[in-house]
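S.K.: Line order of the protein sequences matches chains A and B. Residue numbering for the first sequence follows the numbering used here, beginning at 1 and increasing consecutively. Residue numbering for the second sequence follows the numbering used here, beginning at 1 and increasing consecutively.
Keep in mind that a hint or two might mislead.
One copy or two, either will do: identical chains are not told apart, so a pair holds if it fits within one copy or between any two.
Said to hold, decoys possible - In silico DSS-like cross-links for lysine-lysine, where the CA-CA straight-line distance does not exceed 30 Å:
1. K405 - K145
2. K79 - K54
3. K267 - K405
4. K276 - K145
5. K13 - K405
6. K369 - K136
7. K369 - K13
8. K55 - K13
9. K405 - K276
10. K13 - K251
Think of the hints as simulated: they come from the structure by calculation, not from any bench. Bear in mind the structure is a predicted one, so any value in this text is a computation, not a measurement.
Protein chains: 2
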Amino acid sequence: MDLEQGDRVQIVKNDVVYEGIVRPSNTEHIVLKMDSGYNAGIHPENAEITVVEKKEAEEKTRFFKPESASTKQKSDLPKVSILSTGGTIASKIDYRTGAVTAQFSADDILETIPELSEIAEFTGKVVYNVLSENMKPEYWTELAKTVSKEIENGADGIIIAHGTDTMMYSAAALSFMIDTPVPIVFVGSQRSADRPSSDNAMNAICAATVATSDIAEVTAVMHGTTSDDYCEIHRGTQVRKMHTSRRDAFKSINSDPIGFVDYSNRKIETISDYTKRGTRKLNVREQIEPSCGLVKFTPGTSPDVLSHYIDSGYRGIVLEGTGLGHVSTDWVPEIERAVDSGIPVVVASQCLNGRVCDRVYDTGRDMLKAGAIEAEDMLPEVAHVKLMWVLGQTDDFDTAIEMLKSNISHEMTSRSLC
Amino acid sequence: MDLEQGDRVQIVKNDVVYEGIVRPSNTEHIVLKMDSGYNAGIHPENAEITVVEKKEAEEKTRFFKPESASTKQKSDLPKVSILSTGGTIASKIDYRTGAVTAQFSADDILETIPELSEIAEFTGKVVYNVLSENMKPEYWTELAKTVSKEIENGADGIIIAHGTDTMMYSAAALSFMIDTPVPIVFVGSQRSADRPSSDNAMNAICAATVATSDIAEVTAVMHGTTSDDYCEIHRGTQVRKMHTSRRDAFKSINSDPIGFVDYSNRKIETISDYTKRGTRKLNVREQIEPSCGLVKFTPGTSPDVLSHYIDSGYRGIVLEGTGLGHVSTDWVPEIERAVDSGIPVVVASQCLNGRVCDRVYDTGRDMLKAGAIEAEDMLPEVAHVKLMWVLGQTDDFDTAIEMLKSNISHEMTSRSLC
Chain A
1 MDLEQGDRVQ IVKNDVVYEG IVRPSNTEHI VLKMDSGYNA GIHPENAEIT VVEKKEAEEK
61 TRFFKPESAS TKQKSDLPKV SILSTGGTIA SKIDYRTGAV TAQFSADDIL ETIPELSEIA
121 EFTGKVVYNV LSENMKPEYW TELAKTVSKE IENGADGIII AHGTDTMMYS AAALSFMIDT
181 PVPIVFVGSQ RSADRPSSDN AMNAICAATV ATSDIAEVTA VMHGTTSDDY CEIHRGTQVR
241 KMHTSRRDAF KSINSDPIGF VDYSNRKIET ISDYTKRGTR KLNVREQIEP SCGLVKFTPG
301 TSPDVLSHYI DSGYRGIVLE GTGLGHVSTD WVPEIERAVD SGIPVVVASQ CLNGRVCDRV
361 YDTGRDMLKA GAIEAEDMLP EVAHVKLMWV LGQTDDFDTA IEMLKSNISH EMTSRSLC
Chain B
1 MDLEQGDRVQ IVKNDVVYEG IVRPSNTEHI VLKMDSGYNA GIHPENAEIT VVEKKEAEEK
61 TRFFKPESAS TKQKSDLPKV SILSTGGTIA SKIDYRTGAV TAQFSADDIL ETIPELSEIA
121 EFTGKVVYNV LSENMKPEYW TELAKTVSKE IENGADGIII AHGTDTMMYS AAALSFMIDT
181 PVPIVFVGSQ RSADRPSSDN AMNAICAATV ATSDIAEVTA VMHGTTSDDY CEIHRGTQVR
241 KMHTSRRDAF KSINSDPIGF VDYSNRKIET ISDYTKRGTR KLNVREQIEP SCGLVKFTPG
301 TSPDVLSHYI DSGYRGIVLE GTGLGHVSTD WVPEIERAVD SGIPVVVASQ CLNGRVCDRV
361 YDTGRDMLKA GAIEAEDMLP EVAHVKLMWV LGQTDDFDTA IEMLKSNISH EMTSRSLC
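Same shape as in the complex, but just chain A:
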C-alpha cells in the first residue's frame, strides 16, 4: 500500500486498532501520530491497513523542507555534537514534525528545527539504537567513550538525545564516568500531545543553549512546566522522571535545578553552583559492573529475594527501604551475609525526598551493624548506578565502601547529622 506522510490511516494488528496520521519513518515500521498525541510504530507484517483519509494539501506544508537551513550555519558558532542513543519512537527527539528518524544527520535536525542553526554548528552521530527501556549499563560505557572522543575532537558541547524512560539512569552514569570540560546535555521528549511542535523543539533549542553555555556538567534539560515558557537544567545525579506522560515530568530531587533556560529569549538563569567550562580536564572512567540488584522493600516481603541476589553471584545490592531507610528486622541476617560475602549493601529510601538515617531506630542500627551503608540523600536509582560504577572501578571491598560513602558527582549533599 502506498502511504504518504499526512494520510489518516487505520491499522489493525493483533486485534489492536490504531488510527492516526502517517509520520515520516526511516525504518520498516509505519509511524502514526495518534489523536492522543502519542506516536505508535507498527510493523506492517500481518497488519490490515486502511486509508481513512488522504492527506490534505495544507498538511504538506508541515513537512516542507526549509530552504537550505544548513547553509545558514556560521563557522564561528560553537561546535555541538548531537548523539542519538535510540532508534525508536520515544528514544529520540521527534522535532517539530513529530518525525521519527532512525538515522539522522545534523541537516535532518536543522531542517526540522531551523532555529538551532542560530545557536551552534552541529554534527550528528548515532551511538546506538535501542528502546530506552532496553538500555543496558554496558551501553553507558560505549556512550561515555563516544562523548569523550567528540570532546577530544573539539566539540564545545554535547547533546545526547535519549528516551525519557531511563534518561535519569544514563545521565547519572555519565555523571560518574566523565569529568567534563564542556556541557554534556541529555534531552528527550515526553510526548507531542495536541501541539506536536512544542515539546520537542523547545527542549532541543534549550538543550542547545545549555550545550553552548559555560555549564560544564552532565545535565538533563527538559520542560519546566506544562507551558512552553522555560526548561529546567537538572544535574545528572539529582534528576528523576516523576510523571508518566507530562512534559514537565523531570524534577530535581533533594536539590534545586542548576538553572533555567527562558525559551522566549534563550537566556540562562542559574540558581545553583556549577562547574564552569574549561575548569576540569577531560577524564573518563567508563568501566561498570552490571551485576548489581536494586530491591524495593515492602511490608511482608520475604528476605529470600536478598538471598537470591547473594546466591546468584551479584556483586552489589541497593535496598530501597521505607522512611529513613528501613527494612524488616528479619532482613538483617541476609544483609549481614551479603556484606560478609563482600557484597556492598547500600540503603536508600523509597520516599525519594529527604535523607536516609539509620541511626535513629533499632532496625536501622541493626542494619548498620550488619554492614549496610546509608545512601544519604541520594536517589535509589542513582545509588544503583553509582554502585555499578564503583564496582566497575575497583575490586577492593574497602575502597568500594569508601567511594560509596563519598560524594563523587553531586549525588549526595554534604552530610548533616540526622
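Fit chain B to the supplied structure of chain A, relying on the hints for placement.
M.R.: Frame of chain A; chain B shown alone:
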C-alpha cells in the same frame, strides 16, 4: 542507675554515642529525645550511661499531669476508638511530651493532649506492638478484624496510631478490606523536631476531628505543610510518604486529598467527593495472600529476579516499570511464563505520578500480549497491597484479573484513553 524524665544523659552502646533528654518509657528501653529532635530507644544492656545534667525544675512542668482531663469528657460526645499498632518510638503518637508509651489508655492520651476531650469520648486499645517496618500483611487482617469489632460495638469513628514508614501500605490494605459506615483515620508523627509539641498533638487533634466527621472513608490525616496550619485528609489508596523526615511528608498522588482540617478552628473543608457516614453497611473482607513480590525494574536488571519469584511459588508479581510502564524486552518471556503459570503480573510505574499505558510502544504491547495488566494510575505500593488482597479473596485466576482491573476503593481513577 536512677534516671529521671528530663535528665540529660549520654549513652554509649556498640560504639555509638547518644546524648539527649530522658523521656517517659513503658518498656525496658531508655528513650532519649536527641538534640536533632529525633527520639532514640536504647536498651540499657551493655550500655554505658552517664548523666550529663539532672533535669531542671522547670522541666518538670512538661510532664505535669493536667487535672483529671478525663473527667471533663461529656457522655454526649461521639465515641472514638484509638487503636495502637506499634510499640516502639515511631510507631505511635509521641504526643505533646515526646513520650513513648507501649501500652496506653484513653486517659494517657487525654493527659497529654487535653484538647481531645472536647472532641470525643475515647477508648484506647493496643492491637499489636511492632515496628512500622516490621508490619506484615497478616497484621492488616488482624487490624481489620479489630476495627470491625469496634464499629460493631458502637464506635462512631476509629483512629489508628501507626508508624509513618508503612502507614500507606496499611491504609491501602484497610481500604480494600473494609466497607466502613464510619471514619477510619490513620495518624502518626514524622518527628518532633525542635518543637516537640507540634507535630504529634496537631495530627492527633486533626485525626480526631476527621474521626468524628461525616467522612466515612479510610484516610490518613497528617500535616499539610511544615507549619502548624492544617492537616490534609488523604484517601488510604492514594497517599504516599514522600519525604524521609519532613512533617508534611504525606501527599495524595494522582488525586487531590479529600480535604483539609484547619488546626486553628478544627473546621474541615472538603475538595473531593467522599462516602458519607452511614451510607455503607459494615462489610469486612480481611483475607490476604502475602506471597506477592514487587519488582522494581532498572536498566540492566536481569529477568532472573522474576524467575526467582515464579519458581519460589509466589502467587502474584507487581512490576514497577519505567515511564508509561516498561521493562526491558528480555523480561517479556518471564512475564509470559508467570502468567501462564497462573501468576498475575501487574505493571505500575516508578514515576508514581501519571498513568501506565502499555499500548503506545512495542515493549509495552509485548508486555500486554504476554498477559501483563496495567495498574492504570495506581501507585506501585498500592498495586502490591491490592494484589495481595485480591489473591486473598479468590483462587480463580480470571476473577483475580477482573478484580485487579476494577476500581475497588478509589485506587485507580476512571480509565481514560492513553
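S.K.: Now tell me if each hint is right for this structure.
M.R.: The hints, checked one at a time:
1. Taking identical chains as interchangeable, the C-alpha atoms of K405 and K145 lie at most 30 Å apart only when both belong to the same chain, with a minimum of 26 Å there against 45 Å between chains.
2. For the homomeric pair K79 and K54, neither the shortest alpha-carbon distance inside one copy (41 Å) nor that between copies (70 Å) is at most 30 Å.
3. In the homo-oligomer, the alpha carbons of K267 and K405 never lie at most 30 Å apart, since the shortest distance is 37 Å inside one protomer and 47 Å across protomers.
4. In this homomeric assembly, K276 and K145 come within 30 Å of each other (Cα to Cα) only inside a single copy, at 22 Å, whereas the closest approach across copies is 62 Å.
5. Proximity of K13 to K405 under the C-alpha cut-off of 30 Å is restricted to the inter-copy arrangement: shortest distance 23 Å between copies versus 51 Å within a copy.
6. When the C-alpha separation of K369 and K136 is checked against a cutoff of 30 Å, the pair qualifies only between copies, where the shortest distance is 23 Å, while the shortest distance within a copy is 33 Å.
7. Taking identical chains as interchangeable, the C-alpha atoms of K369 and K13 lie at most 30 Å apart only when they sit on different chains, with a minimum of 12 Å there against 56 Å within one chain.
8. For the homomeric pair K55 and K13, the shortest alpha-carbon distance inside one copy (22 Å) is at most 30 Å, but the shortest distance between copies (77 Å) is not.
9. Taking the shortest alpha-carbon separations for K405 and K276, only the intra-copy value of 25 Å comes in at or below 30 Å, while the best inter-copy value is 51 Å.
10. Taking the closest pair of Cα atoms, K13 and K251 never come within 30 Å of each other, the shortest separation being 37 Å inside a single copy and 41 Å across copies.
In this structure, the earlier hints numbered 2, 3 and 10 are contradicted, and the remaining ones agree with it.
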